[in-house]
Amino acid sequence: TQLLKQSPQFLSIQEGENLTVYCNSSSVFSSLQWYRQEPGEGPVLLVTVVTGGEVKKLKRLTFQFGDARKDSSLHITAAQPGDTGLYLCAGGGQWDTGRRALTFGSGTRLQVQP
Amino acid sequence: NAGVTQTPKFQVLKTGQSMTLQCAQDMNHNSMYWYRQDPGMGLRLIYYSASEGTTDKGEVPNGYNVSRLNKREFSLRLESAAPSQTSVYFCASSEAAGGIYEQYFGPGTRLTVT
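Line by line, the protein sequences give chains A and B. Each residue of the first sequence is one higher than the last, beginning at 1 in our numbering. Each residue of the second sequence is one higher than the last, beginning at 1001 in our numbering.
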């Protein structure tokens, strides 16, 4: 059972376009992380958000944590070919289970065409 | 610092063979994890070790065993490989800061079971 659902699963856009990726759950998480994974490599952490309603910016990437801590979004402005990769959201420390490990979404595969 | 290292990078096994995947981290992290990644499934947790001397099952532990050899090393063993275990295996480590487990991943082991 996937506790974190990401949408869309695949996205192919032209360089310069904007896009938003969503990560949704029915569970409350104490924190939400976003990772990017390039082919043949392990995921690399981009950002962690911990407060409901929190917004963090990383250059052209904007991350938001939902008020209820159940969902998150990643917005990329003026996408570049270097943004191509698999984007994974991961929820930490579910409050109802006390689990001390992350729960990963199934990922959004982004292709930015030059 | 090498971060998280994994060996081997690639492996082909016949059904029924056994093997051990090795993982080491040099960041002095307490927690270590093993995940498998299959197309469209994101990362699924196999086992984790919150600290030296402890291990816990994740979502998909059947067919695997782990050993936390010391603080640096966490190995994953397949006793009798099956084709369903064909996957990419990632090791990760983290240190909890305020209850947040930001994870650092190794480059992965690509395993094929025929």
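Derived from the structure by calculation, the hints contain no laboratory data. The beta carbon of each residue, even a glycine, is placed where N, CA and C say it ideally should be. The reader is advised that the hints may include incorrect statements.
[Said to hold, decoys possible] Simulated coverage check for chain A against chain B, where a stretch passes if three residues somewhere in it have a Cβ under 8 angstroms from a Cβ of chain B:
hint	segment
1	27 to 34
2	40 to 53
3	104 to 114
Evaluation of the provided hints:
| no. | hint | verdict |
| --- | --- | --- |
| 1 | 27 to 34 | holds (count 3) |
| 2 | 40 to 53 | holds (count 8) |
| 3 | 104 to 114 | holds (count 4) |
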